[in-house]
Structures are given as structure tokens and as C-alpha cells.
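*Asks:* This is what each chain is made of:
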Amino acid sequence: MNRPANPPMPINFHANVRRVVANPVLRASFRGAMDFLTAKRATQFPDANAFETLRAQGEQIRQYALSRLPDLLEQLETNLTRNGIQVHWAQTPDEACRLIIDIASRAGGGLVVKGKSMVSEEIELNHALEAAGISALESDMGEYIVQLAGEKPSHIIMPAIHKTKEEIARLFADKVPGVEYTNSVDELIQIGRRVLRDKFRDTRVGLSGVNVAVAETGTLCLVENEGNGRMCTTVPDVHIAITGIEKVVEKLEHVPPLMTLLTRSATGQAITTYFNWISSPRRDGEMDGPKEVHLVLLDNGRSTAYADERLRATLQCIRCGACMNHCPVYARVGGHAYGTTYPGPIGKIVSPHMLGLEATRDLVTASSLCGACGEVCPVKIPIPDLLLQLRQQSQGHSKAPQLPGAGSGHKTLQSIAYRLFAGLYSRPALYRIFGLLATRLRAFSPNQQGAWTRSRVPLRPAGHSLHERMKSRNGAKVK
Amino acid sequence: MTPPSVARERILSRLRAAPQIVMTAPAVLTSPAEQSPETMLEQFRRGIEAFHAEVIDARERTWPIVLAEICATKRIATLMLPPVGMVNLQPWLDGPRLSRFDRPIETLKTELFDATNASLTIADGAIADTGTLIQSDPQRMPRTLSLVPPIHICLLDVRHLYPSLQSAVAATRWAEAMPSNLIFITGPSKTADIQQTMAYGAHGPRELVVLLTEDL
Numbered sequence: 001m002n003r004p005a006n007p008p009m010p011i012n013f014h015a016n017v018r019r020v021v022a023n024p025v026l027r028a029s030f031r032g033a034m035d036f037l038t039a040k041r042a043t044q045f046p047d048a049n050a051f052e053t054l055r056a057q058g059e060q061i062r063q064y065a066l067s068r069l070p071d072l073l074e075q076l077e078t079n080l081t082r083n084g085i086q087v088h089w090a091q092t093p094d095e096a097c098r099l100i101i102d103i104a105s106r107a108g109g110g111l112v113v114k115g116k117s118m119v120s121e122e123i124e125l126n127h128a129l130e131a132a133g134i135s136a137l138e139s140d141m142g143e144y145i146v147q148l149a150g151e152k153p154s155h156i157i158m159p160a161i162h163k164t165k166e167e168i169a170r171l172f173a174d175k176v177p178g179v180e181y182t183n184s185v186d187e188l189i190q191i192g193r194r195v196l197r198d199k200f201r202d203t204r205v206g207l208s209g210v211n212v213a214v215a216e217t218g219t220l221c222l223v224e225n226e227g228n229g230r231m232c233t234t235v236p237d238v239h240i241a242i243t244g245i246e247k248v249v250e251k252l253e254h255v256p257p258l259m260t261l262l263t264r265s266a267t268g269q270a271i272t273t274y275f276n277w278i279s280s281p282r283r284d285g286e287m288d289g290p291k292e293v294h295l296v297l298l299d300n301g302r303s304t305a306y307a308d309e310r311l312r313a314t315l316q317c318i319r320c321g322a323c324m325n326h327c328p329v330y331a332r333v334g335g336h337a338y339g340t341t342y343p344g345p346i347g348k349i350v351s352p353h354m355l356g357l358e359a360t361r362d363l364v365t366a367s368s369l370c371g372a373c374g375e376v377c378p379v380k381i382p383i384p385d386l387l388l389q390l391r392q393q394s395q396g397h398s399k400a401p402q403l404p405g406a407g408s409g410h411k412t413l414q415s416i417a418y419r420l421f422a423g424l425y426s427r428p429a430l431y432r433i434f435g436l437l438a439t440r441l442r443a444f445s446p447n448q449q450g451a452w453t454r455s456r457v458p459l460r461p462a463g464h465s466l467h468e469r470m471k472s473r474n475g476a477k478v479k
Numbered sequence: 001m002t003p004p005s006v007a008r009e010r011i012l013s014r015l016r017a018a019p020q021i022v023m024t025a026p027a028v029l030t031s032p033a034e035q036s037p038e039t040m041l042e043q044f045r046r047g048i049e050a051f052h053a054e055v056i057d058a059r060e061r062t063w064p065i066v067l068a069e070i071c072a073t074k075r076i077a078t079l080m081l082p083p084v085g086m087v088n089l090q091p092w093l094d095g096p097r098l099s100r101f102d103r104p105i106e107t108l109k110t111e112l113f114d115a116t117n118a119s120l121t122i123a124d125g126a127i128a129d130t131g132t133l134i135q136s137d138p139q140r141m142p143r144t145l146s147l148v149p150p151i152h153i154c155l156l157d158v159r160h161l162y163p164s165l166q167s168a169v170a171a172t173r174w175a176e177a178m179p180s181n182l183i184f185i186t187g188p189s190k191t192a193d194i195q196q197t198m199a200y201g202a203h204g205p206r207e208l209v210v211l212l213t214e215d216l
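Line by line, the protein sequences give chains A and B.
Residue numbers for the first sequence follow the working numbering, beginning at 1 and rising by one.
Residue numbers for the second sequence follow the working numbering, beginning at 1 and rising by one.
The following block holds chain A by itself, in its conformation from the complex (with noise of 0.2 Å):
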């Protein structure tokens, strides 16, 4: 399928902004969804104080593991391998597409079914497949609609809540042979059972992601509601699943309080439909499953996170999309905009070690640190905490390990704004003499002030400052 014709990127983020934010269709489309899936995640969490033992439990389990990840991630491997599954590790995007173009040209086939990945984003997978002459086919409806308009995600459990249904009537009437428009949901999602259920059949490569793997057992677990995970993980002849060198666990019993924070958190259910556990390919004397199993384990900036302690926290993460989901920027300029494959303040803390804070500088700006994904996610990220590092080091200012891209967001004629600032509000007797000239002076205040008056009036100083009316209004009082 088609590439993005101009696929936004994170180094436009206020371009990308402005786009959204003209567009009434696409914001009620976000606002829509992101009122109907917090809703249903507040009703999974009616006490707080459960909630609270669960995700300190939930935050507990993530921090245990990755305190000994170079170990699990031995364990994880050799625990695999004995039960038959190949573990491939990769350190950036193009040696896991590379991999992973080897295992499905070895199997021949021709065409890959996917199930729902965002590390397979991640890596940009379909280019790279479809530049080896190997076609990638999404199988989560949500991403297969994406897809068939030659688009991406604009959230990470669903991925196409920036369409309609009219929207979505038409992409299917235009791009898929032999269907007439029509906007029933129902007849919408047969059209495409219809269509994958053919190549669920067909296709000897199966691709999926992993929510969480089991260093204990050499487990690789998956929730999802639609069939299509265990349709591209049980009936073709290869199953290759990818995901990040992060998302392992010590022990099977730590699945379940991460696996309902997860499911809970995401779409507020109990549980999802289906719950999948692989262990194996097929064993003798089964009938069905696939021949060979295959991991990818994908670093891509992941241990540069971790070499420093407080960037680690952002590789507890679950991927569930509460902190998207909760917050006010996001809700309001929606997935596309950050221009990465993770949006909202999980992506916004996640992808300058993917990407650099060169390209992501303006992302760790766009929050108003209201605290809502902090308070949101199900293993504390402290993700407010995080944002304000990240500014930092955007800066120039962090004595932390830095970043590739560190002080690229330093701007010079901020820096004076800033020290100007600091200069005047930290002085009582300067900021007095600025005060009255400020308020005196108003009338002189610019029409034009930058960025501020694109969609905004002028800020224009009041006639009086606020010592001045407060003594006023106290002298009133004595009186």
C-alpha cells in the first residue's frame, strides 16, 4: 500500500497543530472517542483505592523487572529457544526489518499478515517489506482501514478513531472491489472479515506483537478482541512476533495484574476476548498451529532510556494509552500531529530516545504539566516529572546522561526572555519602575506578538498593576 504522501513529522509539530485544530470533523472525532474511552476506563476503576494498590502492584512488577532486564532478557531467551521459538535481537529499526524480511523470504512468502504491532510501526515494516517485494496486510480493522487510506495510526489502541463511519463507508466503497457504500458498522466490519479471512487462510507469515513475554517460561503474551492476533499467530506455516527489548517479566504470576491494568486502563473492560499464551510452535500430535516460531527483540534507543535512572521509568510503560486518552493537548490536536509513531505524553517521553530531542524538541513543550497521564497510568510513570527533565535537556541544562540532540531546543532569544524575567521579578525596585512603565505605557503594547496573536487577541498590560490596586482598595477599606 501506498506510503503517506506527506507524512507529518515531530520537527513540524506547530504546523501539524494548526492543520488539526482548523479541522471541526477531525476534532469531534477525537473529543468523541476520548469522552467514550474514559468514560468506560472510569467505570473498570470505581475505587480509588483498589486502583491505587493495583498499579502500585502494576508499578512494582515493571520497575522489579527491568532492575535485572539484562538478566530476564537471557532467561527469556534461553527459555524460548528450549521450547523451540528463535530469538533475533536487533538494535535499530532497519536490523529488525532486515531480520524479519530474511525469516519471510525464507518461508516464501510473498505477502505478510500482520496483526496489530506498534513496534512494527516503529520500525516503518510495511516500507521496508514492501521494498523487498513482500506485501504487508493489517488485520486489526482499525489498522486495516488505516492502511487501505494510506495512512497511520493515530492512537495506539485505536488506531482509527480520527475517521467516521462515512469516512470509512467511502474508503471501503472506493478501495475494495465489489462493495457498494454503505455506513452500517456491521455490514462495514463483515466487508473486511470477508476480505482477511482469505488471507488468514492463505498466508504462509504471520506477524504479531508481543504485550508482555515471560522470562520464566519463554511465554509471549497477547490481549486482543477481534480473533485476528490468534489468526495471524496460529494458521499460517511462520509466526514472527516483535517487540521491544522492555516488555518482559520475571514470573507468569506477575501476568495477571498487568494484563487487567492493561485491558482496564485501554478500553475499560475486565478482560479482553481473548487472552493468547504462546509457549511454542506446534508440538507433535497437534493439529494446527504454526511450524516456527520466531522473536524479535528490538533495542532502538531503548538502552539509552535505560542508562539513565530517570529516563528508565518511561520503559514501564504498557502501552495501554490512558495517558493519550486523558490528555487535554491530545484530545484536542489528536494522534497525527506529534508526527511519531507513539503520540500523546506516552510519546512525547518515549520517542526522543527513539528519534533524538532534535526532532522531538517541540513535543516535550506540548503540555500544560496539568498531571492528568501522570495520575492516569496504571505502573506511575511519573510522566509531568519526565516531561520537565526532558525540557531540560532540550535546553542544554541537564547534568544527566544526555540524549542525542541535547540543547537542540535552546533558543537564544528565549534564553534573554527568560534571564529578563528572572532579572525583574527577583528585584522589588526594578520590578516596581517596570510595573509603572508597563502599565503607563500600554497603549504602546504591539498588535503583532508572534505566535500568541495567530489565534489569540494582543496581551495588553492593565492600567494599573495589581500592588497598585490592592493598596487602593485596602485604603478604601481604612477609611
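It is worth saying that the hints were derived from the structure and are not from the lab.
Since we're looking at a predicted model, the values are computed, not measured.
C-beta atoms are modelled at their ideal positions from N, C-alpha and C, and glycine is treated no differently.
It is possible that some hints are incorrect.
[As the list claims (entries may be wrong)] Pair by pair, the computed Cβ-Cβ distance ranges are:
1. SER135/A to GLU106/B: 16 to 26 Å
2. ARG332/A to PRO19/B: 43 to 53 Å
3. PRO19/B to GLY133/A: 42 to 52 Å
4. ALA28/A to VAL22/B: 44 to 54 Å
5. GLU42/B to ASP47/A: 19 to 29 Å
6. LEU437/A to VAL22/B: 52 to 62 Å
7. SER445/A to VAL22/B: 54 to 64 Å
8. SER135/A to GLY85/B: 33 to 43 Å
Following the hints, put chain B in place on chain A, whose structure we already have.
*Replies:* This is chain B only, laid out in the frame that chain A set:
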């Protein structure tokens, strides 16, 4: 491109070079208190019904008779059974044509995907608090049998209920010998990917019927 073995060494050595944080293992997670079988069954039923499954209690009757009624109501013409086991259903079911998943999927795909209305499987147990069926033996119960046909009928022996997934993990000792594939099923296949509108039968079964029995 670096050879894969080099990638492995580099990733692991970068992780090992990072500051060490020593943490104690998370406390062994406790399961909820034991519950009576009736409470668990009630919880299970409510849970899975909320996920759009149909639950039919066949404990007072002979389940093959109930199965025959389901096949008649749903106009099931072809029903696929697991490879082995299960009583001979032929005398009970005069409606649907019966087949068995008794050869490798490679030679069974067309029949399974294109010519089977419904499947019958046996659950190895169920989880009460979420209303979830467990299928833990792919040799007895092929993985795709519960996935591909549009209607999935699943027999559940009500004596095999666990209060929660956590307690099932502890009681079954899966960690000591993992099945090649463990499947947890809560309702028929579904999606809300188009404008948050729920639709059933996305890629897996459109309908899930759970038959409660006591004599499997």
C-alpha cells in the same frame, strides 16, 4: 548491518553498563479468598454474558439433547468436533453433518474456513471474576477450532472454576509445564474500531454459546 550475534552482545552490554538498581522481588501475589462454587458460577455467568456470550445450563438434562436443540435453533448444518474423545454424538444429532478436526490443518483449511458453521469444544476450566473460558491443551482442542467457525459452542464442567486468573495460574502450575498455547476466551470476537460502535464477529466467531454440564 551488524551480524545478529553482535547486536545481542551490544544490547546486553549497554544494559549491563547502566546503573544497577537493586530491588526486592514483588511479593507473591495472593489470590482472593475461596468462594463457594455457586457464587463462582454466578459470577462466571454474569461475566461472560456481559461479553455477549450465551450461557445455557444443561446440568439437569442430557447435554447432547440440549446441543441438538441449539443446532436446530441456530440452523447449524455442519458442526466440527475435536480430534478425539467426546461421546458419540451421531445418535443425538440428526440435523448437522458432523466432522472431526482429526488431521493437520494444512489439509483441512478449506473445510474449516469455508464449510463449517459451528464448532464444539470442551473448556479445561473457567475463571469466575471475568467470565473467561480456558483452553489449555492444543493436542486435545486444536487452537483454530475455537476461532475459525462462525459459531463456537463450548462445554464447561462447572466443577472446574477458578476465582481469578491469578488463582488459576497458581492452581494449575502452568509455569512448571506450559502448554504450547494457552487460550483464554471471554465472549465472541468483537471490535469497536469504527467510531466506537461495537460489532460482533470481527474475525473470530460471531456467537459463543457456553453449555454448562457436570458430567464430562
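*Asks:* Run every hint past the structure and note whether it holds.
*Replies:* Hints, verified against the model:
1. SER135/A to GLU106/B: 16 to 26 Å: 22 Å, holds
2. ARG332/A to PRO19/B: 43 to 53 Å: Because 38 Å falls outside the window, the suggested range is violated.
3. PRO19/B to GLY133/A: 42 to 52 Å: 45 Å, holds
4. ALA28/A to VAL22/B: 44 to 54 Å: Holds, since ALA28/A and VAL22/B (Cβ atoms, about 50 Å apart) stay within the stated range.
5. GLU42/B to ASP47/A: 19 to 29 Å: 21 Å, holds
6. LEU437/A to VAL22/B: 52 to 62 Å: Roughly 58 Å apart at Cβ, these two residues keep to the hinted range, so it holds.
7. SER445/A to VAL22/B: 54 to 64 Å: Roughly 57 Å apart at Cβ, these two residues keep to the hinted range, so it holds.
8. SER135/A to GLY85/B: 33 to 43 Å: Distance hint for SER135/A, GLY85/B holds at roughly 41 Å.
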